[in-house]
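K.L.:
Sequence:
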Amino acid sequence: MPLTQVFVSISDPRSARQVRHDLSELLTVAVCAVLCSADKFSDIEAWAKERLDWLRGFLVLEHGIPSHDTFGRVLAALNPREFEAAFRRWVGQLVPALGPGAVVAIDGKTSRRSTTKAAATPLHLVSAFAADVGLVLGQTATAEKSNEITAIPELLATLALQGCVVTIDAVGAQTGIAKAIREGGADYVLCVKDNHPKLVESFLLAQAGVGGALTPNSTVESREDGHGRTEVRRCWAFDAVDRLYKAEQWPDLKSFAIVERERTVGAKTGCKRRYYISSLPADAARIAHAVRSHWEVENRLHWCLGVQFNEDQSTVRTGFTANNLAIVRHIVMNLLRLNTSRRGSIKTKRMLAATSDAFRAELLGFMT
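At position 139 of the sequence shown the residue is numbered 1538 (the numbering used here), and the sequence of numbers has no breaks.
Hint data in this document are derived by calculation from the structure and do not stem from the laboratory.
Given the structure is predicted, the values throughout are model-derived calculations rather than measurements.
A portion of the hints provided could be inaccurate.
[To be verified] Here are the simulated lysine-lysine pairs, BS3-like style, with alpha carbons at most 25 Å apart: (1) K1653 x K1748; (2) K1592 x K1578; (3) K1439 x K1748; (4) K1671 x K1592; (5) K1439 x K1746; (6) K1671 x K1597; (7) K1578 x K1645; (8) K1592 x K1645; (9) K1645 x K1597; (10) K1653 x K1597; (11) K1746 x K1448; (12) K1597 x K1578; (13) K1653 x K1448; (14) K1578 x K1653.
Go ahead and model the full structure; you've got the sequences and the hints to work with.
P.N.:
Below, the structure is given as C-alpha cells:
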C-alpha cells in the first residue's frame, strides 16, 4: 500500500486557507527523507528539494517541497492519536497475524532532550515491539514514566495479540495489566521487583525452602562467548504458585521463574537474578526465551532509535512534534526491517536508501 494511502485518514490540523501542501504528501516526503538519514526539518527540506523529480514520480507536489517551518508547524499540530492509529492500521496490513507464541515486548523510552527546564516532563513513549521479527506494532505517549501503568492498557487494547506472549518490565507488573493481556487472548511474563516487596519476599522464602523443599519443574542453561566476555544464563521454572504472596490476584497465574545472568569479563564475574510470574506453564526454556527477547528490545529498538536515528539528540519540543517524529522513525525502522533483499545494519540500509533510487523505491513499496 502506498504511504499516501496510509495517511489519508488523518485529519489535517490546518484551516482550509492555510493548506498549500497536501497532508498525506507532506508526511510521505518526511518518511522518505528520514529513511535517507535526514534527522532534522532543515535536512528533510534540503533532501526533498534535491530529489524533487524522483518524488514526483509518485506524488503530485503541486506547490513543490514544503519549507522546514511548514514541516515543523504541521507535525507540531498533528493529532498524534490519529497518526498512531494510522500507523497501527498500516502495520496490521503488513503483519496481519503474529505466529503462535510470538514474543511482544512492551517497554518505554524517554526522549530526554524533548523538553526544557521550564517546560513539562519530556516525551515518554511506550511501544509494543514484536521481538521475533523486529517490528514496532504500536506506540502510545505518556507524560512521565509512572504513567506507563495507565498507558500500557490503552496500548494493549489497540493490538491483536491472540496467542502471543507479552513481556513487560517491573513497572507493568500490575494485576489490571495482567488481566488485560489475558482478556486479549495472550499470555504474560512479568518481571517482579521492589514495587511488589511482599511478592519478592515470597520468592526468596520459597527459594530458601521455607514451607518445604522447592524443586523446579524445569531448568535451562545457555552459554555465550564473545566480545571479550562470557555470559551464562540460567532459568528455573516452578508451578508452586501457592508459595507466592496473594497469587490468586494474578489472572491465570501458572508459574514463576528465577532467571540468573552470570557475566565474566577477564577475571571479574558478576551475577544478577530476576524474578518473573507468568500465565505460561512452568516451561523454563519458553520463559527464558521470552525474557531474553525482552532484553533485546534495548538494543534492537531503544539503542537503534537513540544512536542510529539520533533520537536522543533531538531537541524538537513544540506541540506534538516529538511524538509525531517518533512515529515517523518507527515507520522507517519497520520499512528497513521488512526488507530482506540487502544485508546490513540500519545505518547501512539508510545510506543505501539515500544513494539508490531503486532501493529506496523498493523499501517504500513503489517498485521501479
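K.L.:
A separate judgement is required for each hint: does it hold in the structure or not?
P.N.:
A quick look at each hint next to the structure:
no., hint, result
1, K1653 x K1748, "43 Å, violated"
2, K1592 x K1578, "19 Å, holds"
3, K1439 x K1748, "19 Å, holds"
4, K1671 x K1592, "13 Å, holds"
5, K1439 x K1746, "16 Å, holds"
6, K1671 x K1597, "20 Å, holds"
7, K1578 x K1645, "15 Å, holds"
8, K1592 x K1645, "15 Å, holds"
9, K1645 x K1597, "9 Å, holds"
10, K1653 x K1597, "19 Å, holds"
11, K1746 x K1448, "23 Å, holds"
12, K1597 x K1578, "20 Å, holds"
13, K1653 x K1448, "58 Å, violated"
14, K1578 x K1653, "14 Å, holds"
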